[in-house]
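Put chain C on the given structure of chain Y with help from the hints.
This is what each chain is made of:
Number of protein chains: 2
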Amino acid sequence: MLERFKVKEEDAVRVSEAPLRQTVTDIFKKMGVPEEDCGLAADVLVTSDVRGVDSHGVSNMLRTYVQGYNQGELNARPNWRVLRETPATANIDSDRGLGIIVVPKAMEIAIEKASKVGVGMVTIRNSRHLGMASYHAMMALEHDMIGTCMTSCPPGVLPTFGAEPRLGTNPIALAAPADKEPPFVFDAATSTVAGNKLGLARRLGTVLLPGWVADEEGEPIMDEVAPPIPGYAGRASSFLVPLGSTRELGSHKGYGLSCIVDILGGVLSGGGYGANPGRPNFGHYVAAYSIEAFMDTQEFKRTMDEWIRMLKLTPPARGHDRVLYPGQPEAEATEDRRANGIPFHPEVVDWFRDICGELSIPYVLTDA
Amino acid sequence: MLERFKVKEEDAVRVSEAPLRQTVTDIFKKMGVPEEDCGLAADVLVTSDVRGVDSHGVSNMLRTYVQGYNQGELNARPNWRVLRETPATANIDSDRGLGIIVVPKAMEIAIEKASKVGVGMVTIRNSRHLGMASYHAMMALEHDMIGTCMTSCPPGVLPTFGAEPRLGTNPIALAAPADKEPPFVFDAATSTVAGNKLGLARRLGTVLLPGWVADEEGEPIMDEVAPPIPGYAGRASSFLVPLGSTRELGSHKGYGLSCIVDILGGVLSGGGYGANPGRPNFGHYVAAYSIEAFMDTQEFKRTMDEWIRMLKLTPPARGHDRVLYPGQPEAEATEDRRANGIPFHPEVVDWFRDICGELSIPYVLTDA
Chain Y
1 MLERFKVKEE DAVRVSEAPL RQTVTDIFKK MGVPEEDCGL AADVLVTSDV RGVDSHGVSN
61 MLRTYVQGYN QGELNARPNW RVLRETPATA NIDSDRGLGI IVVPKAMEIA IEKASKVGVG
121 MVTIRNSRHL GMASYHAMMA LEHDMIGTCM TSCPPGVLPT FGAEPRLGTN PIALAAPADK
181 EPPFVFDAAT STVAGNKLGL ARRLGTVLLP GWVADEEGEP IMDEVAPPIP GYAGRASSFL
241 VPLGSTRELG SHKGYGLSCI VDILGGVLSG GGYGANPGRP NFGHYVAAYS IEAFMDTQEF
301 KRTMDEWIRM LKLTPPARGH DRVLYPGQPE AEATEDRRAN GIPFHPEVVD WFRDICGELS
361 IPYVLTDA
Chain C
369 MLERFKVKEE DAVRVSEAPL RQTVTDIFKK MGVPEEDCGL AADVLVTSDV RGVDSHGVSN
429 MLRTYVQGYN QGELNARPNW RVLRETPATA NIDSDRGLGI IVVPKAMEIA IEKASKVGVG
489 MVTIRNSRHL GMASYHAMMA LEHDMIGTCM TSCPPGVLPT FGAEPRLGTN PIALAAPADK
549 EPPFVFDAAT STVAGNKLGL ARRLGTVLLP GWVADEEGEP IMDEVAPPIP GYAGRASSFL
609 VPLGSTRELG SHKGYGLSCI VDILGGVLSG GGYGANPGRP NFGHYVAAYS IEAFMDTQEF
669 KRTMDEWIRM LKLTPPARGH DRVLYPGQPE AEATEDRRAN GIPFHPEVVD WFRDICGELS
729 IPYVLTDA
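Protein sequences appear in the order of chains Y and C.
In terms of our numbering, the first sequence has 6 at position 6, counting the first letter as 1, and numbering is strictly consecutive.
Take any residue in the second sequence, count from 1 to its spot, add 368: that is its number in our numbering.
These aren't lab readings, by the way, just hints derived from the structure by calculation.
Certain hints may be false.
Said to hold, decoys possible - Straight-line alpha carbon distances no greater than 25 angstroms define the calculated SDA-like cross-link-like pairs of lysine to any residue that follow:
id, chain 1, residue 1, chain 2, residue 2
1, Y, Lys180, Y, Glu164
2, C, Lys669, Y, Asp95
3, C, Lys484, Y, Pro329
4, Y, Lys105, C, Glu549
5, Y, Lys301, C, Leu451
6, C, Lys484, Y, Glu85
7, C, Lys374, C, Leu733
8, C, Lys680, Y, Glu248
9, Y, Lys301, Y, Glu335
10, C, Lys669, C, Lys374
11, C, Lys669, Y, Pro154
12, C, Lys680, Y, Glu164
13, C, Lys680, Y, Pro154
14, Y, Lys6, C, Phe529
15, Y, Lys116, C, Pro522
16, C, Lys548, Y, Arg279
17, Y, Lys8, Y, Pro329
18, C, Lys473, Y, Met295
19, C, Lys548, Y, Pro277
20, Y, Lys29, Y, Asp43
21, Y, Lys8, Y, Thr206
22, Y, Lys301, C, Glu453
23, Y, Lys301, C, Pro522
24, C, Lys484, Y, Thr86
25, C, Lys374, Y, Arg84
26, Y, Lys105, C, Met663
27, C, Lys484, Y, Pro87
28, Y, Lys312, C, Lys473
29, C, Lys484, Y, Leu83
Claimed, not checked - Stretches of chain Y that chain C covers, calculated by requiring three or more beta carbons in the stretch to come under 8 angstroms of a beta carbon on chain C:
id, segment
30, 155-166
31, 249-261
32, 295-306
33, 322-334
Unchecked claim - Far from chain C, some chain Y residues (derived; all Cβ distances over 12 angstroms):
id, residue
34, Arg125
35, His143
36, Ile146
37, Phe186
38, Ala189
39, Ser245
40, Tyr273
Computed from a prediction, not measured in an experiment: that's the story for all the values here.
Quick reminder that beta carbons are idealized off the backbone N, C-alpha and C, glycines included.
If we strip away everything but chain Y, and leave its shape as in the complex, we get (with noise of 0.2 angstroms):
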C-alpha cells in the first residue's frame, strides 16, 4: 500500500487479532449467519488487517456488510447449492450469500477436484462481495495447490477510450507455495487502483495521483488532482482508468485483463457480468491447480525459493534498497501485526464501540 493511504502511526491504535476475531464472528452471529459460519467469515475479514490489507479488512468492509444485512440485501442463510458439475468444473448458485462466506466452500469443492482430478474450477453466481480475493486463492497452499480468484463487481472503471464505466475495478489473485520463503500472493484490481483510494484520499485530504482517474468526459487526467466531492464540481471524476492510465502507456492491457475477469467471475457464471442492467450481485471464479498433477512438489517448491530470491536481489534502482515480491509485504505485515497489534483508525474503533452497544456484544477491542 502507498504510504499515503496508511493510517499516520500517532493516529493508530492498535488491537489484538484474538479479541478482534472474537468482536467480528460475534458481529455476524448477530446479523443471523449460522454460528459455524460466523468463524469463516472473521476469518477472511482478519486475514486482511493480519496481512496489511486494509482496504479489505474490518475497518472498511464490516459495516457494509451489516448494512447489506440489515437492508435485507444480503442472504445470512443462503442455500447455496451446485447447479452443474463436472470432475473437474461446478457451478453455484449463492443465493444471494455474502462471497465471504460462500466463495471458501466454493473453493474447497475446486481443492477437492483437483486432488482428484488434478485442477478444479468453480464460478459462482448471484453473490455478493468475496473480500480479499487471495484469501481463497491462498486456500490452496496447504494442500500444494497453487489457487487462484477473480471476482466481477459492479462498473465503476472506463474502458479505454470510453467516458462512462462499464466494467467493476474486478481484481485477480493467485497464490503459489515455496519451500522456506513466503509464499507468493498476488491480488490487484485490474484498474490502476483499487476503488476505495478515492474515498480514502477524501477522507484524508490528500490529491490523487496522475492516471489514477479521468475527467467527466472520459479523458485521463495524467497530473495531480484533488479527489472528487459529491455534489461538488471539480475536474476529477469518480471514473477509475484501467491499469495502465492511457492508450499510450498500455491502458488496453488492463481494460482487457478486466474484461477477462468479467468474462471468467461473470459471464461464465450464468450471473450475468458487472455493469448487466439492474444487477447488484457480484459473479465470481476460483479454481486449485495440483503442483503434483505437473511435477514433483518438492521440486517445485525450491524452484520458488530459487526464483523468489533471484528477484529478491535484484539489483535496486536509483532512490530504492530494495526489491519486493508480490506477497513480501503482506508477509512482513503479518509478522509485524501479530506482534504489535493492527492498527485502525480512531474513527474505527469509535465505530466497534457503537456496534458492540448497539447489538449489546461484550466490547473486549481496547481498554477504554
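Below, chain C without anything else, positioned relative to chain Y:
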C-alpha cells in the same frame, strides 16, 4: 497496434495469404521440419499477419526461426513427449521443438481433456518461441471452449524498483467465443510494450513514449526519449518496465502478472523460469475450459454478444470516435487483409526473395 508502428501505406507491398502460406510452408520443409507440421507452422505465423499482429508474423519471426534451425538451436524433429498426466492436466517436454509447432499439439491435449472432465491444462518445458500466444488460445473457440495461453520468456523487463531485468515480456492470452460477434481475444505482454517495439522505433526513427523503458539505473523514463542504440550511450536503456510503468501508476501489478506467467509457464513446467541462469528455453502454459461444464453454451454465447455490444456502445471519450473490445481490431484487420492482402515493408519482401533463392524455393509472393 499504435499507428506509429504500422508500415506506411505508401511503402507497403501487399501480399496475398495463399502464396504466403505456400512459401512459409516450403521454408519450414527446407528446415527439415516433418512435412505434416509445416502447414501448421505456416498457419500460426500467417494467422498473425492476417490478424494484423505484425510483431508475431512472418516479418518479425520467420528469419529468427530460420536462424535457430540453421544454428541447431531449434530441433526440427523433436521427440516431444508427455512426462506426466492426470485427467485434467499434462506436462510435456518439447525437446527443443519450436513452440509454434509443439504448443498447438499441447492445446489439442488440453481440449481433449476439457471435453472429458471440463478443464484441460498443459505445461510445456524445454520449448522455444510459440509465436502469437492467442493462436493457441483461439484453438479452443471452435470447440465451444475458452482457451488461454501464457509463455515465460527470457528476461528483458525490470521488476518494480529493480535495476536489472529479471522477467520476460511474459504475455497472457485468453479467447472466448461469442454468438454473432467476433470472439473476445486478448493477447498482451505484461510489460508496458512488447520487446520488439525498441527495434521497431529504431528502424522507423521514432521516439519511445513516456513510461516504456527505464534508464540504466532502473528509473522509469516518464517523458519521450530516443530509443537505445547498441554501442552508443543514451538516456534510455533497453530495460522494459512492467505494465503500469511506475509504482504510483501500478507497475507492481504488471510486475505481479508477469510473475504469474513465470510461475505457470515456467516453474510449473518443471523447466525453470525466464531468468534461469543459462536457460535458453521458453516454458509455456495452455488451458481449455469447456463452457458446457459450467452452463448452457448458447446462453453463454448470447450473453457474450450482449456484453460485447455493451462495451462497443460505451459513449466515447473526448477525442475518440469509438470504444473497441479485445479481438475487434484483429477481426477488422482480418477482413481488410483477406480482401486487400497483407502489407509488408519492402525489406521483408526482399528477404523472402533472397531466402527463396537460397533455399531453391519458387518465389511467388509478388510479380517482380
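Evaluation of the provided hints:
With a C-alpha separation of about 46 angstroms, the suggested pairing of lysine 180 (chain Y) with glutamate 164 (chain Y) is violated against the 25 angstroms cut-off. Annotation: proposed proximity of lysine 669 (chain C) to aspartate 95 (chain Y) holds, straight-line Cα distance about 24 angstroms (limit 25 angstroms). Proximity of lysine 484 (chain C) to proline 329 (chain Y) is assessed by CA-CA distance (about 41 angstroms); at most 25 angstroms being required, the pair is judged violated. Taken as a hint, the lysine 105 (chain Y) and glutamate 549 (chain C) pair is broken in the structure, with Cα atoms around 35 angstroms apart against an allowance of 25 angstroms.
Restraint check for lysine 301 (chain Y) and leucine 451 (chain C): the C-alpha separation of about 19 angstroms stays at or below 25 angstroms, so the hint holds. For the proposed pair lysine 484 (chain C) and glutamate 85 (chain Y), the alpha carbon gap of about 12 angstroms is at most 25 angstroms, so the pair holds. Using a Cα cut-off of 25 angstroms, the hinted pair lysine 374 (chain C) and leucine 733 (chain C) holds, with the two alpha carbons roughly 20 angstroms apart. Taking the CA atoms of lysine 680 (chain C) and glutamate 248 (chain Y), the gap is about 20 angstroms. The hint holds against a cut of 25 angstroms.
Of the supplied pair hints, the one linking lysine 301 (chain Y) and glutamate 335 (chain Y) holds, its CA atoms being roughly 22 angstroms apart against a limit of 25 angstroms. For the proposed pair lysine 669 (chain C) and lysine 374 (chain C), the alpha carbon gap of about 33 angstroms is over 25 angstroms, so the pair is violated. The hinted pair formed by lysine 669 (chain C) and proline 154 (chain Y) meets the criterion: a straight-line CA distance of about 21 angstroms does not exceed 25 angstroms. Using a Cα cut-off of 25 angstroms, the hinted pair lysine 680 (chain C) and glutamate 164 (chain Y) holds, with the two alpha carbons roughly 12 angstroms apart.
With a CA separation close to 18 angstroms, the supplied pair lysine 680 (chain C) and proline 154 (chain Y) stays within the 25 angstroms bound. Among the hinted pairs, lysine 6 (chain Y) with phenylalanine 529 (chain C) is consistent with the structure: their alpha-carbon atoms are about 20 angstroms apart, no more than 25 angstroms. The straight-line distance between the Cα atoms of lysine 116 (chain Y) and proline 522 (chain C) is roughly 34 angstroms, outside the 25 angstroms bound, and the hint therefore fails. For the hint linking lysine 548 (chain C) to arginine 279 (chain Y), the alpha-carbon distance of about 24 angstroms falls within 25 angstroms, and the restraint holds.
Among the hinted pairs, lysine 8 (chain Y) with proline 329 (chain Y) is consistent with the structure: their alpha-carbon atoms are about 18 angstroms apart, no more than 25 angstroms. Using a Cα cut-off of 25 angstroms, the hinted pair lysine 473 (chain C) and methionine 295 (chain Y) holds, with the two alpha carbons roughly 19 angstroms apart. For the proposed pair lysine 548 (chain C) and proline 277 (chain Y), the alpha carbon gap of about 21 angstroms is at most 25 angstroms, so the pair holds. With a C-alpha separation of about 14 angstroms, the suggested pair lysine 29 (chain Y) and aspartate 43 (chain Y) falls inside the 25 angstroms cut-off, and the hint holds.
For the hint pairing lysine 8 (chain Y) with threonine 206 (chain Y), the CA-to-CA distance comes to about 13 angstroms; that is within 25 angstroms, so the pair holds. Of the supplied pair hints, the one linking lysine 301 (chain Y) and glutamate 453 (chain C) holds, its CA atoms being roughly 19 angstroms apart against a limit of 25 angstroms. Note on lysine 301 (chain Y) and proline 522 (chain C): the hinted pairing holds, with a Cα-Cα distance of about 21 angstroms set against a maximum of 25 angstroms. Between lysine 484 (chain C) and threonine 86 (chain Y) the alpha-carbon distance is near 9 angstroms, which keeps this suggested pair within the 25 angstroms criterion.
A distance of roughly 47 angstroms separates the Cα atoms of lysine 374 (chain C) and arginine 84 (chain Y); the hinted pair therefore is violated under the 25 angstroms criterion. A threshold of 25 angstroms between alpha carbons decides the hint, and for lysine 105 (chain Y) with methionine 663 (chain C) the separation of about 19 angstroms falls inside it, so the pair holds. At most 25 angstroms may separate the alpha-carbon atoms for a hinted pair to count; lysine 484 (chain C) and proline 87 (chain Y) meet this at roughly 9 angstroms. Of the pairs offered as hints, the one joining lysine 312 (chain Y) and lysine 473 (chain C) is violated, with about 36 angstroms between alpha carbons and a cut-off of 25 angstroms exceeded.
At roughly 19 angstroms between alpha-carbon atoms, lysine 484 (chain C) and leucine 83 (chain Y) fall within 25 angstroms of each other, so this suggested pair holds. Taking a C-beta to C-beta cut-off of 8 angstroms, the segment 155-166 of chain Y contributes 8 residues in contact with chain C, enough for the three needed, and the coverage statement holds. As drawn, the segment 249-261 of chain Y meets chain C at 10 residues by the rule of a beta-carbon pair under 8 angstroms; at three or more, the given contact holds. Taking a C-beta to C-beta cut-off of 8 angstroms, the segment 295-306 of chain Y contributes 6 residues in contact with chain C, enough for the three needed, and the coverage statement holds.
For the segment 322-334 of chain Y, the proposed coverage by chain C is satisfied: 5 residues have a C-beta within less than 8 angstroms of a C-beta in that chain, meeting the threshold of three. Arginine 125 (chain Y), annotated as away from the interface, has a beta carbon of chain C within 12 angstroms; the closest lies near 9 angstroms. The Cβ of histidine 143 (chain Y) lies farther than 12 angstroms from every Cβ of chain C, with a closest approach of about 15 angstroms, so its non-interface assignment holds. Against chain C, the non-interface label of isoleucine 146 (chain Y) is violated: not every CB pair exceeds 12 angstroms, the least being about 7 angstroms.
Some Cβ of chain C comes within 12 angstroms of the Cβ of phenylalanine 186 (chain Y); the nearest lies about 4 angstroms off, and the non-interface call is violated. Not every C-beta of chain C lies more than 12 angstroms from that of alanine 189 (chain Y), the closest at about 8 angstroms, which undercuts listing it as non-interface. Against chain C, the non-interface label of serine 245 (chain Y) is violated: not every CB pair exceeds 12 angstroms, the least being about 6 angstroms. Not every beta carbon of chain C lies more than 12 angstroms from that of tyrosine 273 (chain Y), the smallest distance being close to 5 angstroms; the non-interface claim is violated.
In summary, the structure is inconsistent with hints 1, 3, 4, 10, 15, 25, 28, 34, 36, 37, 38, 39, 40 from the numbered list given earlier, while agreeing with the others.
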